[in-house]
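Keeping their order, the protein sequence lines are chains Y and H.
Take the first sequence: its letter number 54 is residue 54 in UniProt numbering, and every next letter is one higher.
Take the second sequence: its letter number 87 is residue 87 in UniProt numbering, and every next letter is one higher.
Rather than coming from a laboratory, the hints here were simulated on the basis of the structure.
What you were told as hints is all true, and nothing was included just to trick you.
In silico DSS-like links for lysine-lysine, alpha-carbon gap of 30 Å or less:
#1 Y:216 / H:111
#2 Y:121 / H:181
#3 Y:199 / H:121
#4 H:111 / Y:221
2 protein chains.
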Amino acid sequence: MATGKRVTAAVLLIGDEVLSGRTQDRNLNQIARFLAPLGINVMECRVVPDETDVIVDALNTLRAGHDYVFTTGGIGPTHDDITADAVAAAFGVGIDVRADALAIIEDWYAKTQTPVTESRKRMARIPDGASLIVNPVTGAPGFQTGNVFTLAGVPSIVAGMLNDIDHRLEGGAVTKSRSVKGDNLREGDVAEALGVLAKEFPEVSIGSYPYFLEVKAGEIKRGTHLVARATDTDQLDQVIERIAAMVEAVGITPRIDPVD
Amino acid sequence: MATGKRVTAAVLLIGDEVLSGRTQDRNLNQIARFLAPLGINVMECRVVPDETDVIVDALNTLRAGHDYVFTTGGIGPTHDDITADAVAAAFGVGIDVRADALAIIEDWYAKTQTPVTESRKRMARIPDGASLIVNPVTGAPGFQTGNVFTLAGVPSIVAGMLNDIDHRLEGGAVTKSRSVKGDNLREGDVAEALGVLAKEFPEVSIGSYPYFLEVKAGEIKRGTHLVARATDTDQLDQVIERIAAMVEAVGITPRIDPVD
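Taking the hints into account, I'd like the entire structure generated from these sequences.
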């Protein structure tokens with residue numbers, strides 16, 4: 001039996017550069033790994049371009065369907081940074097330069113005798129009613145509006161901002177995961193047995209992930225990771241033991257990874 | 001003036017492992033980079049869990065809104081591989097083991113004297129009316145159903161499958177990109193001038209992307225990439241020259257990257 005309620009989140013990645021292939025996103029992964037131990041499961045992610053209407057629509061869909069939403073990207077000082085205005089539009093609230101946000105930015109730039117230009121002031125535009133999120137990396141804050149957390153796009157800045165978020169979140173049951181790795185194991189070797197096991201333990205999510213690593217030119221090391229995820233650790237342990245036995249039965253030594 | 005029509009694509013990443021943070025996705029980036037030179041712009045991406053209803057809804061939304069859709073993940077032999085059935089459901093067509101797909105799989109496994117079990121046969125389940133996509137890495141084919149291309153989840157297999165796709169696509173105007181890199185340039189140094197330039201060239205998309213690299217422990221190298229994207233190379237060249245001059249005007253040597 002799972003303990004605690006199920007709490008879900010969505011991630012909205014905002015930026016032409018992710019869709020064009022210029023930038024490899026790392027924020028979905030980073031945010032999912034941050035939330036998992038808090039008992040919050042990311043159930044959906046969308047990547048959208050820098051277009052206000054598209055951002056507003058996606059944000060309104062996601063915030064209605066999940067306990068929390070995390071946006072990344074588009075809160076810098078340049079013309080293509082339109083996320084703060086889009087969040088305000090989605091919530092139907094006003095937006096303007098706010099004194100507390102501006103003070104943070106002025107203090108930050110004063111340290112390096114950098115002028116706070118009009119464009120830098122734009123980073124103090126905060127939707128009405130939002131609370132600020134500390135940015136320990138470059139000063140300009142993120143913000144929380146209802147159940148939506150608006151973060152920067154640069155992964156190292158997102159990492160910094162997440163430190164000011166966990167105390168605002170109410171998590172549910174924590175999903176634990178364990179895995180069995182079988183070098184040279186092919187998915188099809190255990191697929192039938194795995195399907196039977198998945199039916200027997202409907203509350204445990206069992207995934208099968210083949211890997212192909214080029215250890216040196218032309219030499220591929222392959223195998224399969226079998227991953228079980230559940231909130232109930234007793235069931236999780238039972239499933240992992242059964243999977244390990246399954247791998248052993250086809251003549252491969254299972255390598256059991258510790259609990260995440 | 002742009003030449004040729006605008007052709008758009010969406011990417012649907014299917015898999016609990018991407019949302020849980022276990023797996024860092026690389027397929028969106030790979031597919032976007034494959035499509036860009038063909039004149040096809042990825043305008044949306046969604047990541048969904050291994051749940052049939054969610055996959056069907058997302059797929060039907062995306063295939064109605066874009067010229068092409070690419071799905072990744074969930075076409076292996078195990079119980080959690082439900083993508084083929086979800087695609088059939090989305091299109092309202094039947095699905096069964098198909099002789100040509102099964103022959104490919106039987107030939108493939110015959111090479112290594114591997115039995116084609118019931119679960120391996122599942123990989124020959126193809127939605128009615130689909131055409132197969134060659135998988136040069138592990139045999140089991142992907143498939144095309146209307147404007148939807150269903151690919152594997154492992155990035156190296158996706159790369160292999162893309163080789164059997166370009167001849168099926170009709171691209172439009174190719175978006176070219178060029179960039180100016182300014183070490184130690186901060187976004188705010190050029191934000192006003194960049195905003196003016198963006199208004200002057202509405203058909204050129206101009207993005208500003210700060211970077212922070214830890215070159216060694218505790219030592220951060222920072223700067224900003226200014227990227228322009230357009231289908232018209234004359235306009236693109238004009239914009240890049242203006243951006244380079246802008247960076248030079250604040251005392252930083254611009255580094256102009258060649259056309260992508």
